[in-house]
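With chain A's structure known, arrange chain B on it following the hints.
Order-wise, the sequence lines are chains A and B.
Each residue of the first sequence is one higher than the one before, starting from 1 at the first, in the numbering used here.
Each residue of the second sequence is one higher than the one before, starting from 1001 at the first, in the numbering used here.
The set of hints was computed from the structure by calculation and includes no laboratory data.
Incorrect hints may have been included.
Pairwise CB distance ranges (calculated) [what the hints assert, rightly or not]:
| hint | chain 1 | residue 1 | chain 2 | residue 2 | range |
| --- | --- | --- | --- | --- | --- |
| 1 | A | M1 | B | H1116 | 55 to 65 Å |
| 2 | A | A28 | B | Q1029 | 47 to 57 Å |
| 3 | B | S1160 | A | M63 | 18 to 28 Å |
| 4 | A | M1 | B | G1099 | 36 to 46 Å |
| 5 | A | P26 | B | P1069 | 25 to 35 Å |
| 6 | A | E20 | B | E1013 | 16 to 26 Å |
| 7 | A | A41 | B | A1019 | 29 to 39 Å |
| 8 | B | V1081 | A | E75 | 20 to 30 Å |
In this text, a Cβ means the ideal position worked out from N, Cα and C, and glycines have one as well.
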Amino acid sequence: MATVTLIYFAKIRELIGTSEEEYPLPEAGATVQALLESLMARGEPYLGAFESGRVLAAINQEMVSLSSGVADGDELALFPPVTGG
Amino acid sequence: MVQETPLCITVAEQDFDAALLTRELLGGQGDAGALTTFIGLVRSGDVAFAAGDSAGTAPLRAMQLEHYPGMTEKSLRKIAVQAIERWGLLGVSIYHRVGRLVVGDQIVFVGVAGRHRREAFDACAFIMDYLKTEAPFWKKELSAPVGLGEQGHWVDAKESDQQARERWNEKAP
Chain A
1 MATVTLIYFA KIRELIGTSE EEYPLPEAGA TVQALLESLM ARGEPYLGAF ESGRVLAAIN
61 QEMVSLSSGV ADGDELALFP PVTGG
Chain B
1001 MVQETPLCIT VAEQDFDAAL LTRELLGGQG DAGALTTFIG LVRSGDVAFA AGDSAGTAPL
1061 RAMQLEHYPG MTEKSLRKIA VQAIERWGLL GVSIYHRVGR LVVGDQIVFV GVAGRHRREA
1121 FDACAFIMDY LKTEAPFWKK ELSAPVGLGE QGHWVDAKES DQQARERWNE KAP
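Excised from the complex, chain A in its bound form (with noise of 0.2 Å):
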């Protein structure tokens, strides 16, 4: 099955409880977006880690919309908007 590496950051790491898990793509080319709803289809902790909406996504350290597609092996993080310097 084909899979990616979910990455979390900050707020969303805590909420979530890990910095790291594998996850299955939903379907062959799906985007962050859909995949995000899948993860909070399952409910909490995901649902409280996503549901304000303020995601970022980066594909293999690549910063990327929502509406890009994930491929098998990919690695996603997933964290909320930046706030250094």
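For chain B alone, kept in the frame of chain A given last:
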């Protein structure tokens, strides 16, 4: 041309020596006519907390900074290269700390060497404006409200930081 420009990117827990970073940035070249530096610090003040039924504000005790190893460095490099190309800079150095920092601690150093002051000032501000909105760092404010132990509050991204970054799309270099 870009790969010849001295470019130093560091993300680390250890503190930095701004004078040393500045000397390394110049590296003995004679073409630079201007060098600007920016240092961001942990500022004191009251921060929000929420613990069970209690919520309010309390004095900041420390800041916890998290990053995305690998992507953060790439993101900083990309921002620096954009600045080098836009202003024809002679050197850029960015040092950002992570981990636990207390009031007064240095957080970030940005140094820019250019031929003239205007491009050095502008490029330094450009790098900070982009760093604050694009580089994957997250700050958590830690406080110790009386009787509640240490509490953490993730800092929210500010709309004013987004606006500061977007202004660069309107300006000609």
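Hints and how they fare:
Distance hint check for M1 of chain A and H1116 of chain B: the Cβ-Cβ separation is about 58 Å, which falls inside the suggested range of 55 to 65 Å. Roughly 53 Å separates the CB atoms of A28 of chain A and Q1029 of chain B, a value that falls within the hinted 47 to 57 Å. For S1160 of chain B and M63 of chain A, the Cβ-Cβ distance of about 21 Å falls inside the hinted range of 18 to 28 Å, so the restraint holds. For the pair M1 of chain A and G1099 of chain B, the supplied restraint of 36 to 46 Å holds, since their beta-carbon distance comes to about 38 Å.
Judged by the Cβ atoms, the range 25 to 35 Å given for P26 of chain A and P1069 of chain B holds: they are separated by roughly 28 Å. Evaluation of the 16 to 26 Å hint for E20 of chain A and E1013 of chain B yields a pass: the beta carbon distance comes to about 21 Å. Checked against the hint of 29 to 39 Å, the pair A41 of chain A and A1019 of chain B fails, with Cβ atoms roughly 55 Å apart. Range check, V1081 of chain B to E75 of chain A: about 23 Å between beta-carbon atoms, so the 20 to 30 Å window is met.
Hint 7 alone, counting from the list given before, is not met by this structure.
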